[in-house]
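Note that the protein sequences, when read in sequence, are chains A and B. First residue of the first sequence: 1, per the UniProt record's numbering; consecutive thereafter. First residue of the second sequence: 1, per the UniProt record's numbering; consecutive thereafter.
The hints are simulated quantities; they were obtained by calculation from the structure and are not laboratory data. Incorrect hints may appear among the rest.
One copy or two, it doesn't matter: identical chains are merged, so the pair holds either way.
Derived SDA-like pairs (lysine to any residue); straight-line CA-CA distance at most 25 Å [said to hold, decoys possible]:
id	residue 1	residue 2
1	Lys59	Ser74
2	Lys48	Glu94
3	Lys59	Gly75
4	Lys48	Val28
5	Lys67	His37
6	Lys67	Leu80
2 protein chains.
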Amino acid sequence: MEGAELEPAQDVAAPNAPVRHTGRGCDVMSRFMDVHHGMTGITADQLKQAHQADLDIEKDEGVHFEKAWADPESGTIYCLSEAPSAEAVQRVHERAGHPADEVHAVPLAV
Amino acid sequence: MEGAELEPAQDVAAPNAPVRHTGRGCDVMSRFMDVHHGMTGITADQLKQAHQADLDIEKDEGVHFEKAWADPESGTIYCLSEAPSAEAVQRVHERAGHPADEVHAVPLAV
């Protein structure tokens with residue numbers, strides 16, 4: 001039976017928390033889920049362009065946006081990222097023109 | 001430069017929408033993100049047990065819970081699944097003892 005194995009990110013302070021060497025030294029990375037509201041009717045192309053706008057500048061903040069999912073009906077978008085902080089995630093989104101409404105660290109994952 | 005490729009699930013009605021053969025015939029599958037609130041202080045073990053409780057019964061509804069992420073500080077949990085409907089996702093969560101507060105179809109993904 002397919003069991004639920006914990007991801008390595010189960011404890012931010014754990015010794016095996018991923019570390020990324022950035023221009024600013026060494027950041028302990030965490031996973032974040034951020035949420036955008038008010039994007040009713042977003043299209044596949046618009047999602048792709050918004051995601052690309054993040055990818056283009058993310059390295060400046062030591063962030064990597066792994067995935068994004070969108071519900072055009074409710075206008076809700078979820079973005080999963082690995083980053084040194086929630087603030088770094090929001091700075092990338094703001095510079096790309098689409099600040100998040102919520103940013104949550106998600107240290108636990110299965 | 002790492003481009004943003006669209007996932008096959010970009011259009012629920014698209015001909016390449018995944019189809020799952022279930023005991024009830026043939027369901028066109030979609031991806032869903034559901035959200036649970038009020039789980040402040042959830043531990044890694046509790047998340048693992050909750051996810052396992054879903055995995056144990058999901059096949060009854062033709063659902064598959066792919067991933068779950070948790071923020072113990074805000075008590076927010078995000079679950080990504082593939083399912084024939086939002087109702088099927090909620091039925092599994094209810095039977096497992098943890099109904100979702102929101103369930104969104106996320107037909108677009110990058």
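Going down the list of hints, with the structure as the test:
1. Lys59 with Ser74: So Lys59 and Ser74 fail the 25 Å test inside a copy (30 Å) and across (27 Å) alike.
2. Lys48 with Glu94: within (17 Å within a copy, 34 Å between copies)
3. Lys59 with Gly75: This pair counts as neither: shortest intra-copy Cα distance 27 Å, inter-copy 29 Å.
4. Lys48 with Val28: between (28 Å within a copy, 24 Å between copies)
5. Lys67 with His37: Intra 17 Å, inter 22 Å, cutoff 25 Å: intra and inter.
6. Lys67 with Leu80: both (5 Å within a copy, 12 Å between copies)
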